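Protein sequence lines correspond, in order, to chains A and B. Take 25 as the starting number for the first sequence in the numbering used here and just add one per residue. Take -13 as the starting number for the second sequence in the numbering used here and just add one per residue.
In short, the hints are calculated from the structure, not lab data. The model shown is predicted, which means the values in this text are computed figures rather than measured ones. One or more hints might be untrue.
What the hints assert, rightly or not - Derived DEER-like restraints, expressed as beta-carbon distance ranges:
no. : chain 1 : residue 1 : chain 2 : residue 2 : range
1   : A       : Glu47     : B       : Ala93     : 54 to 62 Å
2   : B       : Ala271    : A       : Glu47     : 20 to 28 Å
3   : B       : Ala345    : A       : Arg55     : 34 to 42 Å
4   : A       : Arg169    : B       : Gly375    : 50 to 58 Å
C-beta: ideal position from N, C-alpha, C; glycine also.
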Amino acid sequence: MPTGRLSRRLSIVLAEDSLLLREGLASILDRAGHDVRDSVGDADTLLAVVRKDPPDLVITDVRMPPGHSDEGLRAAAAIRAELPAIGILVLSQYVADAYLSSLLETTTGGIGYLLKDRVGHVTEFLESLDRVADGGTVVDPEVVRQLLARRRNDGPLAALTPRELEVLALMAEGRVNASIAEQLVVSEAAVRKHVGNIFAKLRLEEGLDRRVSAVLTYLRG
Amino acid sequence: MESPKTAWAALASPRYLISSWPWRSYAYLFTSIPAGALGICVLVGLAAVSAVLSPILIGVLMLTAFPLIGAAIGWSERWRAGLMLVDGISSPHAKLPRGLTLRQRLAFRRREQASMRALGYSFVLGVFLWLVGGAFAGMSATILLTTLAAPIIADNDELGMGPWTLDSAWEGLIFLVLFGPVFYVVSSYLLGVIAGAEASLAKAMLGPRQEELQRNLAELRRSRLDLVDAFETERARIERHLHDGVQQRLVGLTMTLGLAELDLPDGEGRRLVVKAHSEAEAALADLRAAVRGIHPRVLVDHGLEAAVREVADRMPLPVTVQLSTTRLPPPIEAAAYFVVSEALANVAKHAQATKCEVAGWVDRDRLVITIQDDGIGGARLGAGTGLTGLVTRLDALGGTLDVDSPPGGPTRLRMECPCRLGD
């Protein structure tokens, strides 16, 4: 049971306009032992609630009332600008990376973008949650796949080998080295070497969370 | 030989005298008699009545009805002019806006400039045209009939024809043979000219002016735009329904199944739940693709460039995208998006290309988008391609789609569309 491996109890604000999904999400988070402090149905209330008493994490839908456009995403960007310590997990029904880009413009990690389908994979979903709360970056594999499919002829990523791009893509999904090694069927040492090369080629300075920076570079590509 | 469409073309034709045109001229000029007489009686009668009643309000009100009577006469005159103008005269009146009461409709027609012109024509017809036309046609017909009957009349009685006096059947016959053809020729041309001139005047006064033609064209364009708009609204409605209803329920289902997986012990039951879960996810993925095809959300939220990039990213071949456009009205963005996405789908399916380029820019007030591949060519716009419907949609927006695809390639599609609606 997820309760067994709960790393820490997070206080969460949930923003989702569909009652059905809000209840479903709340019950999953509840069972995992997290504290769903507020569940709200629109972006304005989300902002008000978060400003009043900042939680550890915000989970928000992209599309929200009143406009049913990308209000959730814009609220997320506003929260990020005002309260950068709060982790933000955006749930979307689309693979569109246009949404992701606008989210990444202001961010240095502590961010997640997942398709709603992923919530059904309860264990993985809860792991993603933890990573975002710890300042990591989690991007839906489907979105990553689409980004990888795009041929890149310029930018900092042009210097990377296909294998290094693969490793970077898996990093973007939020995986640790061991998991990447397993996925690519190579040793963990080989993954570490690739990761080192990636950091060098992307000229990422020591001191920053280079893993997060690399992923962000990749996603902004 | 093509038959002439107007009296002037008919007069210029060598077959004029043996065509129906001289008789049409007679018919036109003769029918102008009742039309003109009746018209002037109504107008004068109404003027008299309203003059008498002018001290009370109703007389003044009746005066305001004059343009309507003009319009009614104009309507019947346009119909009658069909005798001389094969293509007829198209109506200069604007289409009535929907939802007006009878009174508002009458007021709308009354204020139209075309109604005033028709009233003017009614007066010209009533006080002048029918008299001139009728007199010439009547005189000419009388002389013609008398000439034809000259041998018979002269046999019975003395017949004076201008300077000649005919008093035997022989003299009548000689007169018919010598004078008849000459008179037929002269009178036919003369009447043709008079009738033609009258019809031309009718056309000038009762037909649409340049700006009225343009307005009619604009009306046509607007009604087609309404159709495109309705189509777009319906797509958005379907998309919203799928998104807020079916998709949410499927997501809810995957959540429930995910929780059930956690609770169930390993075994056949759990295996089935896991299977159901992956099937529900497949359904969600299918639904996402379908929704994207109906009304892509990215297009609405982020505009054409972002949406085109999404499509390009999903292509199995590398697609470069260079678009420099601002946000455009939704129907235009939608049309452009679907053109690009359909074109790219065709490239992926048929072109055997290794790369593709999408470029878009705004040139003066027109959006231009080109899609070029390095494939085998031979593509065409025609039945069976998904582009056919898009051509219709573009057409309604005032846009065009051209395909240049010689066998052996490359294929180049070029779409142009005004950036504003209703231009």
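Comparing the hints with the structure gives:
Between A:Glu47 and B:Ala93 the Cβ separation comes to about 59 Å, which falls inside the hinted range of 54 to 62 Å. A beta carbon spacing of about 24 Å between B:Ala271 and A:Glu47 agrees with the range 20 to 28 Å that was offered as a hint. For B:Ala345 and A:Arg55, the hinted distance range of 34 to 42 Å is not satisfied, since their beta carbons lie about 52 Å from each other. Hint check: A:Arg169 to B:Gly375, Cβ distance near 31 Å, so the stated range 50 to 58 Å is violated.
Of the hints listed earlier, those the structure fails to meet are numbers 3 and 4, in rising order.
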